[in-house]
Amino acid sequence: MSHSADNHINPPEGWQGYNCHNLAIRGARLFDPELKLDMVSDIVILEGKISSIGPIPKDFGGDIIEGKELTVCPGLFDMHVHLREPGYEYKETVQSGCLAAVAGGFTGVAPMPNTNPPTDTPATVNFIRQQSAGTPVDVHPIGAITAGRKGDQLSEMAELNKAGVTGYSDDGSPVPTAELMRLALEYTMMSNSVIIEHAEDTSLSGKGVMDEGAVSTALGLPGWPSIAEDIDVYRCIRLAEYTGGRIHIAHLSTKESVQLVREAKARGVNVTAETTPHHLTLDCTILEGYNSNYKVNPPLRTKADIDALIEGLKDETIDAIATDHAPHAHDEKEVEFILAPFGMIGLETALGVVLTKLVKTKKITLSRAVQALSNAPRKILNLPVAKIEVGAIANLTIFNSDEKWTVDGTKMLSKSQNTPFGGWELTGRATGVVNKGIAFVRRD
Amino acid sequence: MQERLKHSIIDAAGMKRTLTRMAVQILEENEGTENLVLIGIHTRGVPIANRLSKIISTLEKGKTVKQGILDISLYRDDYKTAAKMAEVRATEIDFDINNCNVVLVDDVLYTGRTARSAIHGIFDFGRPATIQLAVFIDRGHREMPIQGDFVGRSIKTSPGEEVRVRVKEIDGVDEVVLVEEYDDDERGEK
Amino acid sequence: MSELVLNHLLGLQGIEPSKIYTILDTADEFLKVLDRPIPKVPPLRGITVANIFFEPSTRTKISFELAEKRLSADVVSFSKSGSSVSKGETLLDTVRNIEAMKIDVVVIRHHAQGAPLFLTERIKSAVINAGDGSHEHPTQALLDMMTIRGHTGGFEGLKVVVLGDIAHSRVARSNIHGLKAVGADVMVCGPSTLIPRDIEALGVKISTDVDEALDWCDVINVMRLQLERQNQGYIPSLREYQRTFGITKARLDRIGRKIVVLHPGPMNRGVEIDSNVADAPGSVILQQVTHGVAIRMAVLFLISGKERTDA
Ligand SMILES: [Zn+2]
Numbered sequence: 000m001s002h003s004a005d006n007h008i009n010p011p012e013g014w015q016g017y018n019c020h021n022l023a024i025r026g027a028r029l030f031d032p033e034l035k036l037d038m039v040s041d042i043v044i045l046e047g048k049i050s051s052i053g054p055i056p057k058d059f060g061g062d063i064i065e066g067k068e069l070t071v072c073p074g075l076f077d078m079h080v081h082l083r084e085p086g087y088e089y090k091e092t093v094q095s096g097c098l099a100a101v102a103g104g105f106t107g108v109a110p111m112p113n114t115n116p117p118t119d120t121p122a123t124v125n126f127i128r129q130q131s132a133g134t135p136v137d138v139h140p141i142g143a144i145t146a147g148r149k150g151d152q153l154s155e156m157a158e159l160n161k162a163g164v165t166g167y168s169d170d171g172s173p174v175p176t177a178e179l180m181r182l183a184l185e186y187t188m189m190s191n192s193v194i195i196e197h198a199e200d201t202s203l204s205g206k207g208v209m210d211e212g213a214v215s216t217a218l219g220l221p222g223w224p225s226i227a228e229d230i231d232v233y234r235c236i237r238l239a240e241y242t243g244g245r246i247h248i249a250h251l252s253t254k255e256s257v258q259l260v261r262e263a264k265a266r267g268v269n270v271t272a273e274t275t276p277h278h279l280t281l282d283c284t285i286l287e288g289y290n291s292n293y294k295v296n297p298p299l300r301t302k303a304d305i306d307a308l309i310e311g312l313k314d315e316t317i318d319a320i321a322t323d324h325a326p327h328a329h330d331e332k333e334v335e336f337i338l339a340p341f342g343m344i345g346l347e348t349a350l351g352v353v354l355t356k357l358v359k360t361k362k363i364t365l366s367r368a369v370q371a372l373s374n375a376p377r378k379i380l381n382l383p384v385a386k387i388e389v390g391a392i393a394n395l396t397i398f399n400s401d402e403k404w405t406v407d408g409t410k411m412l413s414k415s416q417n418t419p420f421g422g423w424e425l426t427g428r429a430t431g432v433v434n435k436g437i438a439f440v441r442r443d
Numbered sequence: 000m001q002e003r004l005k006h007s008i009i010d011a012a013g014m015k016r017t018l019t020r021m022a023v024q025i026l027e028e029n030e031g032t033e034n035l036v037l038i039g040i041h042t043r044g045v046p047i048a049n050r051l052s053k054i055i056s057t058l059e060k061g062k063t064v065k066q067g068i069l070d071i072s073l074y075r076d077d078y079k080t081a082a083k084m085a086e087v088r089a090t091e092i093d094f095d096i097n098n099c100n101v102v103l104v105d106d107v108l109y110t111g112r113t114a115r116s117a118i119h120g121i122f123d124f125g126r127p128a129t130i131q132l133a134v135f136i137d138r139g140h141r142e143m144p145i146q147g148d149f150v151g152r153s154i155k156t157s158p159g160e161e162v163r164v165r166v167k168e169i170d171g172v173d174e175v176v177l178v179e180e181y182d183d184d185e186r187g188e189k
Numbered sequence: 000m001s002e003l004v005l006n007h008l009l010g011l012q013g014i015e016p017s018k019i020y021t022i023l024d025t026a027d028e029f030l031k032v033l034d035r036p037i038p039k040v041p042p043l044r045g046i047t048v049a050n051i052f053f054e055p056s057t058r059t060k061i062s063f064e065l066a067e068k069r070l071s072a073d074v075v076s077f078s079k080s081g082s083s084v085s086k087g088e089t090l091l092d093t094v095r096n097i098e099a100m101k102i103d104v105v106v107i108r109h110h111a112q113g114a115p116l117f118l119t120e121r122i123k124s125a126v127i128n129a130g131d132g133s134h135e136h137p138t139q140a141l142l143d144m145m146t147i148r149g150h151t152g153g154f155e156g157l158k159v160v161v162l163g164d165i166a167h168s169r170v171a172r173s174n175i176h177g178l179k180a181v182g183a184d185v186m187v188c189g190p191s192t193l194i195p196r197d198i199e200a201l202g203v204k205i206s207t208d209v210d211e212a213l214d215w216c217d218v219i220n221v222m223r224l225q226l227e228r229q230n231q232g233y234i235p236s237l238r239e240y241q242r243t244f245g246i247t248k249a250r251l252d253r254i255g256r257k258i259v260v261l262h263p264g265p266m267n268r269g270v271e272i273d274s275n276v277a278d279a280p281g282s283v284i285l286q287q288v289t290h291g292v293a294i295r296m297a298v299l300f301l302i303s304g305k306e307r308t309d310a
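Residue numbers (numbering that gives the first Met the number 0), protein chains in the order written: chain B, 0 to 443; chain Y, 0 to 189; chain Z, 0 to 310.
Think of the hints as simulated: they come from the structure by calculation, not from any bench. Possibly wrong hints are sitting among the right ones.
Simulated pairs of lysine-lysine, DSS-like, Cα-Cα distance not exceeding 25 Å [stated by the list, open to error]:
| hint | chain 1 | residue 1 | chain 2 | residue 2 |
| --- | --- | --- | --- | --- |
| 1 | Z | Lys60 | Z | Lys79 |
| 2 | B | Lys332 | Z | Lys204 |
| 3 | Z | Lys39 | Y | Lys65 |
| 4 | Z | Lys31 | Z | Lys79 |
| 5 | B | Lys332 | Z | Lys79 |
| 6 | Z | Lys79 | Z | Lys68 |
| 7 | B | Lys206 | Z | Lys79 |
| 8 | Z | Lys31 | Y | Lys65 |
| 9 | Z | Lys179 | Z | Lys204 |
Now the stretches of chain Y that chain Z is said to cover, found in silico as 3 or more residues with beta-carbon under 8 Å [claimed, not checked]:
| hint | segment |
| --- | --- |
| 10 | 5-11 |
| 11 | 61-75 |
| 12 | 121-130 |
C-beta: ideal position from N, C-alpha, C; glycine also.
Using the sequences and the hints given, assemble the complete structure.
Here's what the structure looks like:
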């Protein structure tokens, strides 16, 4: 039985909550690519820290999670989510978003500031962080680059940094001018923080709703050409190179942008990049039925782009996988394609999609997948990394790499159901997370 | 549905004799070819009307009879519930039918619904003096107050049976046969 | 018995050639019906058709209404301007109302690409696309094809140019799909800024020289130029468009043989087509309008033959 009498631990239905005063996982595969750890062993957690790796002591009196067939890795971190609170709680709240993160195996998320009000003051940062109480998820808000996300002048970035913000973005929109981007890069050098750019030259993407090419031409839908991303990516790279500031490209989607980042990294530019599970697995031909669940910004691209993204992920041109989890209410998506909002949810499917479509198919290794989903994003945001070693804070993800399951939007813990993966048969699923002194484990 | 032959009713020679008699009756009733119009109903009413017209022409020393074709698919009364696409075929009535004596020609008279539809169709082309109905076979089972004015042969049938009037122009043979319909699974086949 | 030809008519992309021919053949018969003393037939008695136009279009709407009345359908029509719809009732609300009113066939004109498909996924009524954004306008293309066939006899190897704003034209897309399906050779011609990227994937030739296109073709279908394309910067001026791409008598005289010139209307006279071409003896443009009624009758007739599951 569980010792989790604490009121603040509120596992979702179908999940078991534990506190980590005294918890063990028996006989799981412990997998930490950065420590080159890959062994089957018991692991004991005392007072929220890993106290031993090896057989559980005979006199152990705490809860034991049976780890047979399970893998334990450093806690997954999603550096690009939209939790919609404050302002759009009908789509998602910090709480529901954290539970969705748990269901997907994430122990940390970085919510983007396009809320109402936007995250441009320490008060909003603290509010968002507090809303995650009682969950095993670290919520690390991204601050707005510009005041009110208006694209006019810088937000009070130093104040935000004092409140713990280490990454800034106007995600949803690009920084409108090169001059403003230059100032942002220069200003954040003081705290060694990172600027996260939603790369889009809006004069080129215009009213575009999907990748421009043969499919958009046949569907008669306005195109969002790949060059609109590439041009902004190049602008960011040159500005970072010139100023010495740190730039991170959000949701990279085109093969040309992968090459731009690759070349910039070779020159030593402070540039990092992420891509998403949907850009790694879905191409724009899927839009032929005008299903608004596939409408996302940047749009789904071509098979050639997918291949380039996977190659970039493999050679670490692309550092991280982030979901761009973007919940929208059913009635917002249940409209004409051109009127539907951009975005798809991703927290609960990311691990399964990556394991099924990239790892099982041997396109990338499990090590690379775990890195890109856990500590790579933490490093970009200057956050302490999660490790499986004695003395470290227990920040762990438990998953079953062989569990077969079918994605069903209606069964998600997110408040919204706009998944592009509905009906997909996946192999590999998060079983539980351990973090912040508590553990949530899926009951069977 | 499959069908199997029950028995033959009329052969080629019999058909010729019957058509000749019908032609004579039509002439007699209408007192010659003046104002006489033969309208064949798609599909097999068309060749039958052709033959009647030829016989009449021979009997009347080369006088020709005006001839038209009517497709009744636009006038069916079961269109909304028929689970099949009705094919629209050519309707050709390239002359004025006002005050004419129109003889509708069809192969089989059964429920009377086709004749009803045809009468409806004719009125979209004008107002004839009379409309008469010539059918090669009357097999009974009427659902409408309609009767044939010129009937080649009346036969008794049961609803499970079908009368097939076959003509050279379409079927390669002149004959009338009675067939029986049965479901595929009666033979235990899929 | 012959198979049901159409459940819905959303577009001509991917349509079987046999279906196109069935529609054209049926329309030829309805054209004769339109010439009868009483140009009306009863097959759609008891069938209710709703014309829902979210975009203003007098011509297409009248054409559909006439076709429906010629077939004796019960007809309800409603038009909504785009702005009032976006404020209040959504497409989904409209859809639910249609469901509740037990309408057999919905004819929809909508500014959003894919809106007719959206309806088919949510209601039981048969749906006819009367134009969805810059996606497709299948009945227009079918009536163009009916007119083309009437003047050329067939499509196999026929060279057809679609001229003008290809990027934003649903008529152009439906023409390309329909004509390609029956074996015609299609070329698009217009300013490069109005020819969409990767259009060659639809199997068409591309030209930006209208005289070259005229030399090549048997038929030219002139698209209407939306005058706002100038303000949007796609073309520098209407004057330059007229001089570079306008179909003039001089241009047609130069090629020294007769070609068929179509225009879906409404025309910008003196921009994409000159009046002395549009109104010339033998111009087929008004014939297209008549054919429009026949084509729509054929499509309505073939679609209404479908047995609805809850009919
Ligand atoms: Zn973004």
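Hint check results:
no. : hint                  : result
1   : Z:Lys60 <-> Z:Lys79   : holds (12 Å)
2   : B:Lys332 <-> Z:Lys204 : violated (37 Å)
3   : Z:Lys39 <-> Y:Lys65   : holds (24 Å)
4   : Z:Lys31 <-> Z:Lys79   : violated (34 Å)
5   : B:Lys332 <-> Z:Lys79  : holds (22 Å)
6   : Z:Lys79 <-> Z:Lys68   : holds (22 Å)
7   : B:Lys206 <-> Z:Lys79  : holds (23 Å)
8   : Z:Lys31 <-> Y:Lys65   : holds (19 Å)
9   : Z:Lys179 <-> Z:Lys204 : holds (11 Å)
10  : 5-11                  : violated (count 0)
11  : 61-75                 : holds (count 5)
12  : 121-130               : holds (count 4)
The structure shown violates the earlier hints numbered 2, 4 and 10.
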